[in-house]
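Asks: Protein chains in written order, with numbering that gives the first Met the number 0: chain A, 0 to 303; chain B, 0 to 310; chain C, 0 to 442.
Once the Cα atoms are required to be at most 16 Å apart in a straight line, the calculated EDC-like pairs of lysine to aspartate or glutamate come out as:
{"hint": "1", "chain 1": "C", "residue 1": "K295", "chain 2": "B", "residue 2": "E273"}
{"hint": "2", "chain 1": "C", "residue 1": "K398", "chain 2": "A", "residue 2": "D64"}
{"hint": "3", "chain 1": "C", "residue 1": "K429", "chain 2": "A", "residue 2": "D64"}
{"hint": "4", "chain 1": "B", "residue 1": "K77", "chain 2": "C", "residue 2": "E63"}
{"hint": "5", "chain 1": "C", "residue 1": "K297", "chain 2": "B", "residue 2": "D39"}
{"hint": "6", "chain 1": "C", "residue 1": "K49", "chain 2": "B", "residue 2": "D72"}
{"hint": "7", "chain 1": "C", "residue 1": "K297", "chain 2": "B", "residue 2": "D37"}
{"hint": "8", "chain 1": "B", "residue 1": "K77", "chain 2": "C", "residue 2": "D65"}
{"hint": "9", "chain 1": "C", "residue 1": "K326", "chain 2": "C", "residue 2": "E107"}
{"hint": "10", "chain 1": "C", "residue 1": "K192", "chain 2": "C", "residue 2": "E173"}
{"hint": "11", "chain 1": "C", "residue 1": "K297", "chain 2": "C", "residue 2": "D170"}
{"hint": "12", "chain 1": "B", "residue 1": "K149", "chain 2": "C", "residue 2": "D83"}
{"hint": "13", "chain 1": "C", "residue 1": "K344", "chain 2": "C", "residue 2": "E53"}
Coverage of chain A stretches by chain B, computed from C-beta distances (three or more under 8 Å per stretch; other residues unrestricted):
{"hint": "14", "stretch": "9-15"}
{"hint": "15", "stretch": "20-28"}
{"hint": "16", "stretch": "41-51"}
{"hint": "17", "stretch": "127-136"}
{"hint": "18", "stretch": "168-175"}
{"hint": "19", "stretch": "219-227"}
These are computed hints drawn from the structure, not numbers from a lab. As the structure is a computational prediction, the values presented were derived from the model and not from experiment. Positions of the beta carbon are idealized from the N, C-alpha and C atoms, including for glycine.
One letter stands for each residue in the lines below.
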Amino acid sequence: MSTSTSFNRLTPYVFLAPAVIIMALALLYPLGYMMYGSFREWDPSQAMGESTFVGLKNYITLWNDPNFRESTLVTLKFAVSVVTVEMFIGVGLALMLDRNLRGMSLLRTLFILPMMIAPVVVGLIWRYMYHPTLGIFNRGLKGVGLESVDWLGQHALLSVIIADIWQWTPFIFILALAALQSLPRSALEASRIDGATGWQQIIHIKLPLMMPVLIVTCLLRLIDAFKVLEVILVMTEGGPGLSTEILALRISRTATEFRELGVAAAMSNYLLMLLLFITVLMLIYNRIMEHRAAKANRMIEEAH
Amino acid sequence: MAVEEKRQHPGFYAILVMLIIMAVGPILMMFINSFKLDVDIISGTTGLLFMPTIQNYETALCDILPYELDHLDFCALKFGGAFINSLIIALVSTLLTLVIGCMAAYALVRFRFMGRDTASATTLMVRMVPPAVLLVPVFGLWNNEFCIDKASWLGSLIRDNFGGRGDVCLAGTHSGIILIYVAMNLPFVIWILQSFIVQVPRQLEEAARMDGAGPFQVFFKVVLPLIKPGLAAAAIFTFRIAWNEYLLASALSDRDTKTVPILIVNNMSEFNVEWGVIMATGMLLAIPPIIFTLFASRQIITGMTAGAVKG
Amino acid sequence: MFNISKTICGVTAATALLVGQALAGPYDEYQGTTLVVNFPAHPHYDAVRKILPEFTKETGIEVEVDQLPYLKMRERQTLELGQDEGDYDLIAYVVFSKADYVFADQLENLARYFMNPKLSDPSYDADDLIDGYVYNIGFAGGSKGYLEGKTGSLFGIPYGSETSILGYRKDIFEKHGLEVPQTYDEMLDIACKIPELEPGMGGLSSRAASGHHASHAFLLHLAPLGGRVFDDSWNPIVNNEQGVQAANALKTIVDCGPEGAASFGFGEALGSFLAGDTAMFLDTTVVAGQIDDPSKSKVVGKVGWALHPEGTRRGSQTGGFGIGIPKNAEHKEAAFLLMQWLTSKKGDKLVALAGGNPSRFSTHEDADVNAKFPHMATFGEALKYADPDWRPIIPVWGKINADLGTTLSKVLTEDLDVQEALDGVAERTKAVMEEAGYYTWSE
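This is chain A alone, in the form it adopts within the complex (with noise of 0.2 Å):
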């Protein structure tokens, strides 16, 4: 009995063990190596121990740094505007398709396609349908007689959002659509019986209701839209100018390129900081809101 116990009391840390280690030896220690890195002045032919330390230098030097405060904003723009569109349209189409159509699945299936299939190929098939002639929306301009759009040069930020949003809509409908479907139906039935016409019911019961998931989905997609990379350096490498470089990009190239590893460490974590920031705030009102929901869940069920 008493070996038995033993052997019960250790097997958890067994079980647990490969992946503690796995996750500090790489996702932890790397985290603080970068950490400490941005500290120091490095460049990629040096290992840490030959670095100098530089105090807060990179992270001054940085913040003093036109590029990358313009390269902040394009992510920002990026991600705000791509989740808020993708957010809209995904929403209101799971609003308008949750019903009993055939060939829902079908569609279910073949949107997750595009979320499927790799960054870098996703990238490649945007960047030849934008190609200023070969692509597939000068064509169809041409065909019908307007003028053709240099889409990946006077509009590169905007041609690239429209590819993530290609992309990324599909993960929104999808849980929206799980969302709407686990809703009490009670409280659905209780309020068409009440008279309530699709509009009301849309913004006072289904849309409250949902909110909690839709602000997790929300975040979600406000991670992943900060680490989008490869569509981008595949279609315009973050040109014209910075008009698309994103800070995810920008580090790439610093370390790459511009051959500073520490200053892209310390872009790295000016990134986490801003992530963390997000995150967390988001957390508070996902707080506030699923109190209310729940609040509201209980109104309607004591009116009945």
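Could you slot chains B and C onto chain A? The hints should help.
Replies: Showing chains B and C alone in chain A's frame:
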């Protein structure tokens, strides 16, 4: 809106069809173009009037084809090798992530280690870290710190048996790339599997234990078979990330361990944008995820919604 | 492919054994060695790959090629050269990597090899190599650190020498009775006339995309218009009158260029000329092969070549690659033999015939080469005007170049004022140079 109506307005079907075309159209276009010669792509004869050819695929796979190609002077792409690298890296890292993640998730649920909240928070935190942020430290560590001196017995053993030069470092090896993929994917897998393990009835495990099974036997014989759908979802997600990832792989691979995404980005370089071949390589990279999607869309949707909808 | 070269190698090895040790050639000692070389994805090096089997056949030394896009190549080399023992035996590098590699003591000084009678081929004729390129690509430590000078020495050999040349559509020029432009004014004038004369056609296709493309295009005009990035004491003068003139030239070219010109990288710029969408093309000589390739080009036989137009002086670019031996290479001697073979008269001619860019005067005048590529004589003349100082080759250039490129791109797409933009570049460049210690002696 008339929810109770059984017959839906045809407009909805029109929207449905349009959405499907928008989602699939671009991919279909890549598929078609991958069978065109560059001349056909550039000349602008749109549509389906062209002689389909597999020449682009032959060019891409020239290094593993058993026969010589007439249209090539030398095999530049070596896509076949990269394809094999991608397969090894994606499969091994998926397998490792699943086994390790499963064990950890089981421990967390059954032995009441931390609450699910802690695990969720960790998952979210890790999910928050963009791969670009890992680039600098991983590059530095894998190349300079995670190394074995080539003079040590293990180092010389590896150098004698596998060749190569210099100290034995994680960078440039399959294992190096696999390690970072496993680490990146673990939190998500643990999180997803927890929600499935919670649903496994405890009585089943206790019954097995009565029959004298140890904790490992219980885990492998009783728990694992019951959470297959969760495993499938987790497997697809880890495979997808490992298969598609570019940035870290490009920083960590050397000439023998390049994966397919690296090759595609490299071939979008400034000289000779050979659209046909690029589309063919893109298509080859997209095939495994497309197959998964068509055959396991339910699991994928489960995986996607599990986190957000169930909380 | 691989198998074939292996068999060939086996056969040569066998023959060598039969012939016996009496005639010990320079290559015998290295037979069966496999060299790992790092080359860029570039038409010249594609041509090199075609002739490598010849080398293996002749010497019994095998060559494994790792070909990468050249920015990637640079990244890879930074990593490999920094290690105690590297994978690469021979590397190709772009001109401005020279400064970094030599400064970091990562390239072999070639003196040791050319001094070695067992390795050095007496018939090599180094004087036949085009001067400007030897100094630009191979030489380090001379005047300004990167030009010809008494304190310099040789670390690499130019291989794949490019300069800028003007390609024009003979048919279009004839149709409208246009003269081939000799000066910048004429060129800009014609560039903007073309869209009027031939609706839908752009004047001159140039690269202009953000980053090194825009910067490259700008520098291309800066030298002939009489400008420089730095004066003799390293003060940035990129924002002087000539600089503004060069930026305006680029802007004019892009404005009168084909659709979407502002986002063109090199590939798109060339693509638009190949597709017949532009009447002129001013960039590297490396494109000639593709323009005559009917599977890629719609303008085969319609293109004439002329020297880079003159501003206040003739000054075409010096570009392309050099090859050198890393300090941490495993087979340095064999790598030198390959390097010598490739850049020898024979190798240079072979690669020229395979579509590469020769680096020797004799190859440009060679009858066989000219018979196959009639433009080669013009190219040879252009090389004489190549300006080795058209851009500075200093370790901090990468950073300045990136800034210049993004700023110019803003001028082209966001209508940023030219003077203001270049003033900004000059100011930031000054700070970079200050930090790198270029003003230590000017106090």
